[in-house]
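Novice: Sequence:
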Amino acid sequence: MSEKLEALRQKIDSLDIEIQRLINERASCAQQVAEVKLENGEGAAVFYRPEREAQVLRGVMKRNTGPLHNEEMARLFREIMSACLALEQPVRAAYLGPEGTFTQEAAIKHFGHSAVCVPMAAIDEVFREVEAGAVNYGVVPVENSTEGVVNHTLDNFMGTNVHICGEVELRIHHHLLAADTTKIDNITTIYSHAQSLAQCRKWLDSHY
Numbered sequence: 001m002s003e004k005l006e007a008l009r010q011k012i013d014s015l016d017i018e019i020q021r022l023i024n025e026r027a028s029c030a031q032q033v034a035e036v037k038l039e040n041g042e043g044a045a046v047f048y049r050p051e052r053e054a055q056v057l058r059g060v061m062k063r064n065t066g067p068l069h070n071e072e073m074a075r076l077f078r079e080i081m082s083a084c085l086a087l088e089q090p091v092r093a094a095y096l097g098p099e100g101t102f103t104q105e106a107a108i109k110h111f112g113h114s115a116v117c118v119p120m121a122a123i124d125e126v127f128r129e130v131e132a133g134a135v136n137y138g139v140v141p142v143e144n145s146t147e148g149v150v151n152h153t154l155d156n157f158m159g160t161n162v163h164i165c166g167e168v169e170l171r172i173h174h175h176l177l178a179a180d181t182t183k184i185d186n187i188t189t190i191y192s193h194a195q196s197l198a199q200c201r202k203w204l205d206s207h208y
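Numbering (our numbering), first residue to last: 1 to 208.
Simulated from the structure, these hints should not be mistaken for lab results. The structure displayed is predicted, hence computed values, not measured ones. A couple of the hints might just be wrong.
[Said to hold, decoys possible] Straight line, CA to CA, 30 Å or less: simulated BS3-like cross-link-like pairs of lysine-lysine:
| # | residue 1 | residue 2 |
| --- | --- | --- |
| 1 | K109 | K62 |
| 2 | K109 | K183 |
| 3 | K202 | K183 |
| 4 | K4 | K37 |
| 5 | K109 | K202 |
| 6 | K37 | K11 |
[As the list claims (entries may be wrong)] Across the chosen pairs, the derived CB separations fall in these ranges:
| # | residue 1 | residue 2 | range |
| --- | --- | --- | --- |
| 7 | H193 | S2 | 16 to 24 Å |
| 8 | Y208 | V33 | 52 to 60 Å |
| 9 | K202 | I19 | 42 to 50 Å |
| 10 | T146 | S14 | 21 to 29 Å |
| 11 | V116 | E167 | 15 to 23 Å |
| 12 | V149 | S28 | 40 to 48 Å |
| 13 | K109 | L5 | 21 to 29 Å |
| 14 | K37 | V116 | 18 to 26 Å |
| 15 | L197 | S28 | 30 to 38 Å |
| 16 | E18 | H163 | 39 to 47 Å |
| 17 | E18 | M61 | 17 to 25 Å |
| 18 | L22 | H113 | 29 to 37 Å |
| 19 | Q32 | H193 | 42 to 50 Å |
| 20 | K62 | E18 | 20 to 28 Å |
We treat Cβ as the ideally placed atom computed from N, Cα and C, and that holds for glycine.
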């Protein structure tokens, strides 16, 4: 191993130690924030403030000088904030399930992996969980660039007392699955959710 490489690795190790120390120092500050909030009589519902988180992330991206892109830097800080918030009180968020859906991906992107994300079988159930206070937040699809608004979601906003407090933009990718022995030219029928078929209509029309 060259001396230059060894020196760089030692520098990385030193930086990792300092980063770890600073993250724990931040976490300790988060715990103190929780104590101050309780002393001031603030309820559990105000531990998570989306506007404060958005302000922090805007600052992170504004200060970023690279080489990491703004998105990657914001993602790192969101996970740090999610872990720190879990020390105060983990956020509970219901989302349109099942597990593995784009809605779950959106929930994790917004709240981080330390949040407790609960899958619901239908959009209505997400709204009911939020209204009942069983969860702090709900994550539902509102619109997409191909099919426009999701009317069922908008109907639930009209019929409940919940309101929009945040937005997550998510790039959607779909995959066509078939058995190993299937040749793509022999596919005659494709099964999927109506929304997924609509999102892939242009590609499907050009290939099938």
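Novice: Now tell me if each hint is right for this structure.
Specialist: Going through the hints against the structure:
1. K109 with K62: Roughly 19 Å separates the two Cα atoms, so the pair holds.
2. K109 with K183: The hint is violated at about 36 Å.
3. K202 with K183: Satisfied, since the Cα-Cα distance of roughly 21 Å is no more than 30 Å.
4. K4 with K37: Outside the cut-off at roughly 49 Å; violated.
5. K109 with K202: Holds, at roughly 28 Å.
6. K37 with K11: Distance of about 39 Å is beyond 30 Å: violated.
7. H193 with S2: 16 to 24 Å: 54 Å, violated
8. Y208 with V33: 52 to 60 Å: At roughly 55 Å between Cβ atoms, V33 and Y208 fall inside 52 to 60 Å, so the hint holds.
9. K202 with I19: 42 to 50 Å: 44 Å, holds
10. T146 with S14: 21 to 29 Å: Given a distance of about 49 Å, which is not inside 21 to 29 Å, the answer is violated.
11. V116 with E167: 15 to 23 Å: The hinted range 15 to 23 Å holds for V116 and E167, with Cβ atoms some 21 Å apart.
12. V149 with S28: 40 to 48 Å: Taking Cβ atoms as reference, V149 and S28 lie about 44 Å apart, which means the hint holds.
13. K109 with L5: 21 to 29 Å: 36 Å, violated
14. K37 with V116: 18 to 26 Å: Taking Cβ atoms as reference, K37 and V116 lie about 20 Å apart, which means the hint holds.
15. L197 with S28: 30 to 38 Å: The hinted range 30 to 38 Å is violated for L197 and S28, with Cβ atoms some 50 Å apart.
16. E18 with H163: 39 to 47 Å: 42 Å, holds
17. E18 with M61: 17 to 25 Å: 22 Å, holds
18. L22 with H113: 29 to 37 Å: 20 Å, violated
19. Q32 with H193: 42 to 50 Å: The hint (42 to 50 Å, Cβ to Cβ) holds, given that Q32 and H193 are roughly 46 Å apart.
20. K62 with E18: 20 to 28 Å: 23 Å, holds
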